[in-house]
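There are 2 protein chains.
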Amino acid sequence: MPMTYETFTREIARLNDVLCSINLLTWDSRTMMPAGGVESRGKQIATLTGIARDLATGDALQKAIEGARSELTGVPADDLRLRAIETAATQTATLARIPASLVSEAAELKTLAQSAWARARAADDFAGFAPMLERTMEMQRQIAGAIGYDEHPYDALVSTYEPGMRWKRLRGLYGELQTALLPLLDRAREVRIRSDILERSYPVESQRAFSVRMAQRMGYDFDRGRLDNTVHPFEISFTREDVRITGRFRDTWLPGGLFAVWHEAGHGLYEQGVSPDLTRSAFTADFVNLYAVGGASFGTHESQSRLLENRVGRSRRFWELHFEELRQAFPDQLSDVSADEFWRAVNAPRPGHIRVEADELTYDFHIMLRSEIEAGLMAGEVSVGELPEIWAAKMRSYLGLTVPSDTLGVLQDVHWSSGMIGSFPTYTIGNIMSSQFFAAARKDQAVETGLEIGDYQPLKTWLNDQVHRHGRSRSPSELLLAATGSELSTEAYIADLTHKVDELTL
Amino acid sequence: MPMTYETFTREIARLNDVLCSINLLTWDSRTMMPAGGVESRGKQIATLTGIARDLATGDALQKAIEGARSELTGVPADDLRLRAIETAATQTATLARIPASLVSEAAELKTLAQSAWARARAADDFAGFAPMLERTMEMQRQIAGAIGYDEHPYDALVSTYEPGMRWKRLRGLYGELQTALLPLLDRAREVRIRSDILERSYPVESQRAFSVRMAQRMGYDFDRGRLDNTVHPFEISFTREDVRITGRFRDTWLPGGLFAVWHEAGHGLYEQGVSPDLTRSAFTADFVNLYAVGGASFGTHESQSRLLENRVGRSRRFWELHFEELRQAFPDQLSDVSADEFWRAVNAPRPGHIRVEADELTYDFHIMLRSEIEAGLMAGEVSVGELPEIWAAKMRSYLGLTVPSDTLGVLQDVHWSSGMIGSFPTYTIGNIMSSQFFAAARKDQAVETGLEIGDYQPLKTWLNDQVHRHGRSRSPSELLLAATGSELSTEAYIADLTHKVDELTL
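First to last, the protein sequences are chains A and R. For the first sequence, this note's numbering begins at 1 and goes up steadily by one. For the second sequence, this note's numbering begins at 1 and goes up steadily by one.
Among the hints, a few may not be true.
One copy or two, it doesn't matter: identical chains are merged, so the pair holds either way.
[Said to hold, decoys possible] In silico DMTMM-like cross-links for lysine to aspartate or glutamate, where the CA-CA straight-line distance does not exceed 25 Å:
id, residue 1, residue 2
1, Lys168, Glu205
2, Lys63, Asp196
3, Lys63, Asp150
4, Lys43, Asp221
5, Lys443, Glu386
6, Lys43, Asp54
7, Lys43, Asp223
8, Lys43, Asp28
9, Lys168, Asp221
10, Lys43, Asp277
11, Lys43, Glu6
12, Lys394, Asp125
13, Lys110, Glu372
14, Lys394, Glu66
15, Lys63, Glu320
16, Lys63, Asp413
Derived from the structure by calculation, the hints contain no laboratory data.
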């Protein structure tokens, strides 16, 4: 049988199916699975991941890549089929450079390290976790070495999440943000805000109903998705036709539940908006991380969630339009609150220790701190033993806070125990991009009018057209350039946060 | 690397993981999946099934089987490892005999045939479905031929669901049942029963709560399981640590919801009770049907569900013990009903057209009718075009009913459109076995005392020990013989139904 482009697409489609199945195993383990299933689920995911790796790096696909290349000799260089082939070739080559033994060792270590981390966090005992973290970091250094890099070992890892991103560039962005945000934060600290109104008793079923209604208005399609409860909300998809979001509602903290749903709905809009032509293609999966996803990068994905959550959901206009509906859902709790007070409350700067609870003005400092530590660990300039000390020093310097415990400090996130080194920067990249995309979208009069009257369809249409439909067929910088006319730049983000502080301090 | 028994178990464990993943894809598609996911889910299941087939029939496993055989030369013949090897060898050889092209053709046809069936059923148009059914039957005949058989083509298919079962033996069993049940049915028809009390308005949440409470009392472990809503209730597992059941509750038909939960809990008890030593082994999967399951056969599995549903849940003692608790859940609806009246109502003979709504006295006639048609189709003695006519004749002869439409007749079940020929007999085999196992269990004094006081733990322990823990390491007849001292026999079942009619007509 001659190897043709057709063979290539069939192999890639099969690989997509396996990756989507892994996604379902993951989704289920975090939403539905009974407690007893943990161990066997781990094995199921490991086996399917091994199969996916074999498919991605095995002879059949590699020969199909060769065959498809030959068949398409001479077609114009911008033909999307060529890009599909080269995308798959590059990514599977990166994957193949990481020895299978290292992958399975890392997977085994992850299970041990996560449970060591959970114990250490509960006991506030960093020393108990340190040896496991040391091994995890050593393994990540080996993986970085296997992948290869020009400038800095951290680049190898960061670029698996954000293609093309380097530590040098990140440091530049972080510097710009520090310069701009620290004075803003000082100004915002002066503001007096009634945050306590968010901590009244808000029945979760009404929270859920309101958040769902708004998510639908923003364009999330429940015929191709669903919302379930989980511990740490996430979005995950099994092709564009089945894109699920999760949430977590707490009775006494209203914004937690609402904004998480809109955040995940932003991710969901991205996946639901990928062009149907790309389904099960080289542009709907990440063949390095072996993950079915239609978004161009972690940062690009985060830009869409942040856009809905912060640029739309935390805007003044949003609450002028929708606070009355929220008050109808909670008439007693919100009887003495105005739309303006509510908007202020959900935007209150609250410098704190926990990243996932951080407001927009402090969030990026949590990321900078972690990125700097990760880069230092990868370069061998920082040792695991020093982490609590370095953490405390950076927290004092960035946010003026004294770290009370390792649990509220270096032990707070699951990422390091999972070996996910290099993903934190994509949160800040996402924040930056969200403002760039939003600013560009608002130049479209229909989008601007829609935002003014609470019709989010034009915004969705713009995002579908400029971002979502392309799946992974464009790189993050190509998407940005085409949609906004500019490369990644902190300008729009800083402008948005400055505008917000101006409004808050008026 | 030398191929050893260790290699064999590792390959088999991987295959189990893939089959468990397929089970999860299936479970999700019938409980959680949004409507949009149908098409891509079909592809995911097809891809994983193809991978499972490749693993089962591929070189790695076959060489591992050879290696393990050599390694274990000389061990005693009853060593369970030998049986594991031979079970896997025999089943994968059967699977390999069915050409891959036939499997994928059958899978493709299934999708088309199911939707043709659904349309035909809605329009009461058998002729519209007939061509598709003709192709399905032709394919099943080819599959039967590929698998091979000694006496009758139907045997090849039946034995994939019920190892060792043949059409000749089935006809013998059916004859015995007809002889015994027809007079019982005539006697039972005379009984006047207040069935209307079951059709009052019973809020589904209370139905669910009561059925769950009783399922727990029967021993179903919710830490390793869960109950969800679906259209056609089923049980499915992903190792013994995660065994899920499903139900369907209707406001105005109380027994439908309750008994379905206990039925599925009976299946669930089986899977949850498989010995942990067997997890991910050759004894926890069906390598012909490519399905992760710990039960010895479809019939054996059904015996466990029928045992809880009918032998326990429909017994007089059960309702003497638990009716008061049910009445507390529905105080208004059941205020004028006695335990005895309720027991009679859930045992009322109701000859009708629909198999899944049939009572115990008529259920097996629905199975006989279908088995006879299937055997005739496989032998080429019956043509698809004749089916409505044959169906009507048999329905008249067995239950004295005139078939009003194809929707209530030949089009009622999904099985034929799915190409599941040969599985219907296992329902009757399950009924027969359920009485054999139950009679044997009751010889244990602790079981009998438990049933008398509503403590179902001793029964569960007996079933765990005699049936469940063995997984698929014993054949159905070995299980029966060891547990009951007898081969498959209708005696106990007929005795149970006779006793029931005696009680009802008292």
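Here is how each hint holds up against the structure:
Taking identical chains as interchangeable, the C-alpha atoms of Lys168 and Glu205 are never at most 25 Å apart, the minima being 46 Å within one chain and 59 Å between chains. In this assembly of identical chains, the alpha carbons of Lys63 and Asp196 never lie at most 25 Å apart, being 62 Å within a copy and 68 Å across copies at closest. For the homomeric pair Lys63 and Asp150, neither the shortest alpha-carbon distance inside one copy (29 Å) nor that between copies (44 Å) is at most 25 Å. In this homomeric assembly, Lys43 and Asp221 come within 25 Å of each other (Cα to Cα) only across copies, at 22 Å, whereas the closest approach inside a single copy is 33 Å.
Proximity of Lys443 and Glu386 under a CA criterion of 25 Å is satisfied in neither setting, with 48 Å inside one chain copy and 69 Å between copies. When the C-alpha separation of Lys43 and Asp54 is checked against a cutoff of 25 Å, the pair qualifies both within a copy, at 16 Å, and between copies, at 19 Å. Only between protomers do Lys43 and Asp223 lie at most 25 Å apart by alpha-carbon distance; the minimum there is 19 Å, versus 31 Å within a single protomer. When the C-alpha separation of Lys43 and Asp28 is checked against a cutoff of 25 Å, the pair qualifies both within a copy, at 14 Å, and between copies, at 19 Å.
For a Cα distance limit of 25 Å, the shortest separation of Lys168 from Asp221 qualifies neither inside one copy, at 39 Å, nor across copies, at 54 Å. When the C-alpha separation of Lys43 and Asp277 is checked against a cutoff of 25 Å, the pair qualifies only between copies, where the shortest distance is 16 Å, while the shortest distance within a copy is 33 Å. For the homomeric pair Lys43 and Glu6, the shortest alpha-carbon distance between copies (17 Å) is at most 25 Å, but the shortest distance inside one copy (33 Å) is not. Taking identical chains as interchangeable, the C-alpha atoms of Lys394 and Asp125 lie at most 25 Å apart only when both belong to the same chain, with a minimum of 20 Å there against 74 Å between chains.
Only within a single protomer do Lys110 and Glu372 lie at most 25 Å apart by alpha-carbon distance; the minimum there is 22 Å, versus 56 Å between protomers. Taking identical chains as interchangeable, the C-alpha atoms of Lys394 and Glu66 are never at most 25 Å apart, the minima being 50 Å within one chain and 61 Å between chains. Proximity of Lys63 to Glu320 under the C-alpha cut-off of 25 Å is found in neither arrangement, the shortest distances being 58 Å within a copy and 70 Å between copies. Within a single copy, Lys63 and Asp413 get their C-alpha atoms no closer than 41 Å, and across copies no closer than 45 Å, so neither meets the 25 Å cut-off.
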